[in-house]
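Heads up: the protein sequence lines correspond to chains A and B, in order.
Heads up: the first sequence is residues 226 to 332, going by our numbering.
Heads up: the second sequence is residues 2 to 457, going by our numbering.
Simulated from the structure, these hints should not be mistaken for lab results.
A few of these clues could be false.
What the hints assert, rightly or not - Covered stretches of chain A (chain B as the covering partner; in silico rule of three or more C-beta atoms under 8 Å from a C-beta of chain B):
hint : segment
1    : 249-261
2    : 271-277
As the list claims (entries may be wrong) - One side only, chain A facing chain B, incomplete, derived with CB under 7 Å:
hint : residue
3    : GLN237
4    : VAL266
5    : ARG267
6    : ARG294
Built from N, CA and C at the ideal position, the CB exists for glycine as well.
Residues per chain, in single letters:
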Amino acid sequence: MPRPKFQTLTEQMYYILLCLSRECCGMDIMERIPAMTGGRVRVGSGTLYNLLEQFAEAGMIRETRAEGRRRSYVLTEKGKEALSGEYRRICAQAWDYRAVFGEEEPR
Amino acid sequence: MRDRKWDFIPFSYYDRTSMERHLEKRAAQGWLLERMGNLGWFYKRIAPRQLRFTVTYYLRASQFDPEPTQEQREFHDFCLQSGWKLAASSGQMQVFYNEEPDPVPIDTEPFLELERIGKMMRRVLPFQFILLVLGFWMGGSWLWSLTHSPIDLLSSSYNLATGAIWLLLFLWCAADLLSYFTWRHRAKKAAPLGEFVPTKGCHRLLLAMVGVTALALVYIFAADRKPGFRLVLLLMLAAYALMFLAVNGVKNFLKGRGASRALNRGVTLTVDVALAFVLMGAIMGGLVWGIAAGRISSMEELIDPPLSVEDLTGVEDDRYITSTQADSTFLITERNFYQHIFYDQLQPGERFATLDYTIVDVHLPLLYDWCVEELLHDRDDWTAEMEDGEEVRLYTYMAADPEPWGAEQAWQRWRAVEDAPTGEWLICWPGRIVVLEPSFELTAAQMTKAAEKLAP
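So here's chain B without its partners, still in its complex pose:
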């Protein structure tokens, strides 16, 4: 039978009530808190019993202290005198337990507790506000993209996953700040009456965020098919892990050697910053080298283009190259193919045909119309100012006969100013939307040929 246990519950730092209830529950299950670390709380086995816990904050303590100061030990002695034994401490947070069923609480003046938690939170709140603004900005941009350009967003596992993380970060910050200030407001009112107000944090939301982040990373790792990118992702995760271990290792090593708080803090922060620059520099350098050397590809995948200039025109030219860009998630797969000849390989005055087309496969039917809307309006912001000062759109789609394409719907792009058609098409088959942009007008036979190649 194991005699040690670990758990990770990201309680809000001020949420003493939830922590106390959790520790009391653990003691009743036969586990007593032994140590608090960055990776969670560690317990030792005891006979199951009802213990009372108090989480309090000793503001002069620091996680960089080699050992508790004389004053801190005096505080512990005070607590021990009334039966409160120190279970564990981490920085300013001190956790005590008492075996008596109804002990005198450690804090009996609510205004002192309010003052202490207020001072402690003054250091935490600026970071939380920065995260809130960052989450709002990034999560808001993600939502804006979701409503205005869902294809790019939902076809990229990276965009999909990171957007969800930012949104959750914003939600957690907002909920936690609201929860803290609500508690503070109520506690201020209750303190003159000598009453304590229980705290209530948002650790379940934060736990959900941690879970979503872990799932998102697994998803990005599993879904990303771009050559070499998995390795980059792994290296980045390894860099974070290395930084975490190195920083904690330096801090604990210096604590063990009895280094002063100031020295420990200075050295640890220096190592932290230096290592961050070195590791990020190494990863970015590796990324640039990998792309330049062809080991990592950010744009191209080895996908056979389903349609080519040769299929449509019958003209073969070995100077043609096709650039491919592909992204895929369980919601949408987007593939873009662009067949062209580099200008440095052309003779002066030589004309040639190019073919640019995008295939969007929508795996979730309810997203289909949303994607069509995005593509129908993808050039709405291409405008020109007329002589009378009026601003007009350059292009618009006009409904066309889908019959030649064997499709459900088709649109042809028109030049709005000249009121003339272009050779560009938007074609909708069940589950698939194609934007076809050849540099030449398609004949009926070419349309049929293209439909054969592009239809699902």
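Chain A extracted, bound-state conformation:
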């Protein structure tokens, strides 16, 4: 059976939603994510464009402004829930890691 959409978030989805905790336009996200992750996560322009559309359709973000072809978005309650759900999942994974390896720094 197919998994419900956005039940879990990929790394790119997670950071896009995280950026949208504050209102910003799509193209700004492309610069913010590498800055936020030290260049570790890169989101392609097509992927970002598609995900913004799908998040908006799913009610996880909403459009706040449109200046010409620059549209701005912000996270909705539903988006926040998805983001915090993903955060808890990542924390649980980190907790499990520590339970196995203790507090040592991962190599």
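Based on these hints, arrange chain B on the given structure of chain A.
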């Protein structure tokens, strides 16, 4: 030095990887994609360099859009922000290039690409399945005919050429669908791991099909000797070309005038359907008129019959007419002659002799036995049900002495039920097979005379 270039490579619509590699190769040769049209891709000259290309699909775009929508332009802006410049687009297909050696790809989530290509292919697949079934049916019928009645098939340039096209169409559809579903299966498995799977289409096979179709048309055109048929073929090709030009012309004209997508699509499709009916109607009407007026002949050729009733019986009668049917390819030439008198010219109770014979010249020796087999069994399906319910064949060939014919082999047709010979013969000379069906029993002298006239 020319600064524009054109090529035509029929890539499968989903095969982004092959298209990207091809465009990168062209850029390294100094050609940058400028425009994509129905007749191929068009390039402009640039300094040779390493460019990265991405072929992606914008599903809301349509070939009937007068210009890119605001949303589509926004998508282009997103791509430009990360260094991807739009090279060309055609309908949903968008081609971008990047001058950076290692740019962030346009697509970085494999499941999104899988979803997008899946949606795009949902529109293409029904047509491809229809072509597959059509190719299977027509190509299969062709193969069945090849094994059961090779003479009619291999002696007709039209049958020979169209059969090859249908078979290739089937092969291409099957290979392309298999290739797509294999890619989709692998991509589905790889997507959760964040991996992209390169696509692999069958454009070489499709290119071979286009080449064979072009060669087949040239062959039909060169080989067909039936009066007027070349003109019909030319008119049909001209009709296709006219339809192609008219439909594209209407579409581009309306795009230029800024007509909406719905209006453009509606008008273009209406023109397409109306023009198809008008042109096909005109060609069919012309064909019927041409045959009725004697300008076009589908059956007869001006070939002198090598043997006549007069040669065999010595009886001259100017009411005799001979119908001729001839077909020829580089493999087999088949000629049939039927000499008879129309019934409306006969007196009541008048009896007359008729002569029906077929000459098959086999130009490729390995087909010879195959043709003999076909002729030996051409009436196997003529059966009758006996009183005890058993189904028996009405006719069979029995080996006969070839000596009177000066031939290598000869058979005489027998009525199987009565176990009695008919006056019909199958005679084999080197490279030539003749089925001789006079309405009267041949004497030894008549056999010798017929052999003189019919032997190669």
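Hints and how they fare:
1. 249-261: With 3 residues in contact (Cβ-Cβ under 8 Å with chain B), the coverage given for the segment 249-261 of chain A holds.
2. 271-277: Per the Cβ count (6), the hint holds.
3. GLN237: With Cβ-Cβ at 6 Å, under 7 Å, it holds.
4. VAL266: Violated, about 9 Å.
5. ARG267: Hint on A:ARG267: holds, closest Cβ of chain B at ~5 Å, below 7 Å.
6. ARG294: This hint holds: A:ARG294 lies near chain B, its Cβ roughly 4 Å from the closest one there, short of 7 Å.
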